[in-house]
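Using the sequences and the accompanying hints, generate a full structural model.
Residue numbers (the working numbering), protein chains in the order written: chain A, 1 to 379; chain B, 1 to 415.
Watch out, some of these pointers could steer you wrong.
Taking lysine-lysine pairs in the DSS-like style, the calculated list, with each CA pair at most 25 Å apart, reads [claimed, not checked]:
(1) 192/A - 219/A
(2) 141/A - 144/B
(3) 155/B - 30/A
(4) 339/B - 120/A
(5) 120/A - 141/A
(6) 120/A - 144/B
(7) 155/B - 115/B
(8) 314/B - 141/A
Bear in mind the hints are in silico, worked out from the structure with no lab data behind them. All of these numbers come straight from a predicted model, not from anything done at the bench.
One letter stands for each residue in the lines below.
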Amino acid sequence: MPRTSVIFPILAIVLVLAVLWFGLGRASGKIVIGVIGPLTGTASPYGSAHRNGIKLAVDQLNSAGGINGKLIEGVFVDDANNKIAAAELCRDLIYKNGAVSIIGGITSDNTMNIQRICEKARIPVLTAVSTNPFITRVNFKYSFRCLSDDDIQATKLAQYTTGVMNLRRVAIIHDSNKYGSQGARTYAAVAKSMGQNIVGNEYYEAGAVNFKTQLEKIKATNPDGLLVWGLVHEGALAVRQARELGIDIPIFGSDGIAPSTLLDLAGPAAEGIVLSFPYNPAQGGERGKIFIEAFRKAFGNEPDSFAAHGYDAMMLIAQAIRNSAGDGPSIRDALSRITVYDGVTGRGGFDATGNETRSVELAQVKGGKFVPLSQGGSL
Amino acid sequence: MSPRHPLSTGHRGNNSHFWGGLILLIVLALSIRWAKAPIQPFQSPQSSLPSIPTVITAQQPQIVQPPLISYATPIPRVEDRNLVAIIQTEKPPVVSPVQYTQAATFPRTIPSYWKFVSATPPVNALLLGPDGIVWGATERGLVKIAGGQITFLSKANGTFPAENATSLIHDGRALWVGTFEGLYRSFDGFSFQKFAKIDGLANDMIWSLAFDGLILWAGTQGGVSFLTPGGRFESVDKKTSNGGLADIWIGAMQKIGKWIFCGNDDGLSIWDTTIIAANPSAWTTLDMFASNLAHNWILALTVWQNKIWAGTPKGLCRLDTPIEQLFTGTTPSWEVFNKNRGLPSDRVDAVAANESSIWAGTPEGLCRYKNGTFKTLGLSEGLLASDVRALMTASDTIWVGTSAGIQALNLLAFE
Chain A
1 MPRTSVIFPI LAIVLVLAVL WFGLGRASGK IVIGVIGPLT GTASPYGSAH
51 RNGIKLAVDQ LNSAGGINGK LIEGVFVDDA NNKIAAAELC RDLIYKNGAV
101 SIIGGITSDN TMNIQRICEK ARIPVLTAVS TNPFITRVNF KYSFRCLSDD
151 DIQATKLAQY TTGVMNLRRV AIIHDSNKYG SQGARTYAAV AKSMGQNIVG
201 NEYYEAGAVN FKTQLEKIKA TNPDGLLVWG LVHEGALAVR QARELGIDIP
251 IFGSDGIAPS TLLDLAGPAA EGIVLSFPYN PAQGGERGKI FIEAFRKAFG
301 NEPDSFAAHG YDAMMLIAQA IRNSAGDGPS IRDALSRITV YDGVTGRGGF
351 DATGNETRSV ELAQVKGGKF VPLSQGGSL
Chain B
1 MSPRHPLSTG HRGNNSHFWG GLILLIVLAL SIRWAKAPIQ PFQSPQSSLP
51 SIPTVITAQQ PQIVQPPLIS YATPIPRVED RNLVAIIQTE KPPVVSPVQY
101 TQAATFPRTI PSYWKFVSAT PPVNALLLGP DGIVWGATER GLVKIAGGQI
151 TFLSKANGTF PAENATSLIH DGRALWVGTF EGLYRSFDGF SFQKFAKIDG
201 LANDMIWSLA FDGLILWAGT QGGVSFLTPG GRFESVDKKT SNGGLADIWI
251 GAMQKIGKWI FCGNDDGLSI WDTTIIAANP SAWTTLDMFA SNLAHNWILA
301 LTVWQNKIWA GTPKGLCRLD TPIEQLFTGT TPSWEVFNKN RGLPSDRVDA
351 VAANESSIWA GTPEGLCRYK NGTFKTLGLS EGLLASDVRA LMTASDTIWV
401 GTSAGIQALN LLAFE
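This is the structure we're talking about:
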């Protein structure tokens, strides 16, 4: 057999093996970031917006060459707003996909079930949506939040409803989950300390469509204001049914009912509602304008609070990875050093517990739009 | 006639051999490349400590169907329906005292009252088996310590079926290992039988285990489960207990008499197991809103001096109210020990007790409470890492698991 006939096949084999060994497989140099949220079901408006904001950030980061020479792989999973699914997906992202950070979840119940796994596995979790104060009040080292929590939101709402709206007899209707129950509890405590009476406190289960029993009880207490603390699908129906029952008093609510779907689901009943409004596009400055343009171009609609905070969350994780060795504990340490940042949602920062430090704005539904009170929203 | 390939030397026979061989090699390379699960092997933390002495056993893990298990009475019931017949079983063997050999080389910075120190992956649980073997459940598998020899069983080296291990218990006959992929039982420490949702477990993610001498209890991501004589698990969640179990993540469990204490994130739910679980009067939940419990998240539980001690994110809490009174509407009374009272950190991840003391594992060190005072051991006292995640007491030894390893404190030398 001629020598050349041996050399070429050997070279070909060596070449193929080299490509397979070095060019493929898990050691492809990608940084895996797990993103958990509801992409189906009634909570999907939050999860979809959150995913799109993060996806835009990942695309922009990768277009700019990734982080420290490595591309980012965002693994987006759908927990369908089920806390067991959220935990199982978090497990898979960490132990099977090799995620070095988790962004999520959306509802506080789910985030709590995620954060316990992350703490055990020493993987940082940053929630851009969940507001239950417990999330950063459990002395967990690996838990972070880049959104004003319920303490901040409830205080702002209570200050406004007592000081400006002059409400003295407020009734509450809230989701029974940890977001709704803790939010209602926090608001009641803060409002009472400001001289407000909580004359009614009713709850509903996630997925409820009929609130008339609870609203009838509330109506009987003769309140002068109604607080809705829950997610948008149920919250919008509660608002609509309250108006149908003739509850003609000021309604105000948590950020959970602030997605734009409120306007569609509640229709004219939404007009005049005052809401905790964590995302005022004007706060993002030039950076925020560029984000909004890019988001419109990518997805064909306006970014909401969940998209904008998701975008900021991904950029914060990216910043931490840049300043770390790339493993969970060092990314966590780098995140904890971010005491001030400028994001598309404005200037924020983490305190010693990993919680967001900034305050929150309020907005009012006016002419079928959310108008920040600082920019013309008023009673 | 087809055109010849550019790499052809003119002999059609040789050409086909080449391409055939090349395809075989590609298949072989692909098989090798992706045959193993994509797991990063554990890397020992950078320190002056000796590397982990890993002994890889030749036997591969076996996943088999669980055989019939028998228990003595009584068996808790979820609903009011008949269970399978109860078969008598032997008593668990007596736990024998253990002698552990100190590893040969220690950095001088580790005081001599630590009689055993080894770097391991982050530790989640520790257990002394009746055969004298110490087991560690870690983020990368199991650690077995026997006769001074350490064996590391992991999915990466093919000797353990799950990625991580969270909890451990021994029922006198077999070792039970809780993981995030199911519950495993092993009679010999080499082969592991898997129990999962298909066997009746509330969820495959196991957070805590308890054994009361008769019944094996598993705290899962989706509720509490217990093993019935038929070899299947019965499960209780918020729905089946009609709200009795306050929430379904069960981070810690403790069985005292007829009561099973289920630590969740809405407080401490207690089930009187002589009453069916579906009856809400069988349950009571102690929480921070209706009592002075420091926090609703129960991270660890133990019993010391006939009282329940709970580790929470805001302190170590001792329940002073007799359990019977909790079911009659008495407001529970807790004594809370936190940073202000001498703990190095408010958060308590692990608790264990010996005769004279209770020990708390915190993110800032190991803390002993004895005669009304706290004493803390941290990095300067020889801990490999300050975050104490697991504790176990055994005669004159406290076994400690941190994110950096396992070590054993010789109480006689330490005192």
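Numbered hints the structure breaks, given as an ascending list: Going through the list in order, the structure violates hints 2 and 7 and respects the others.
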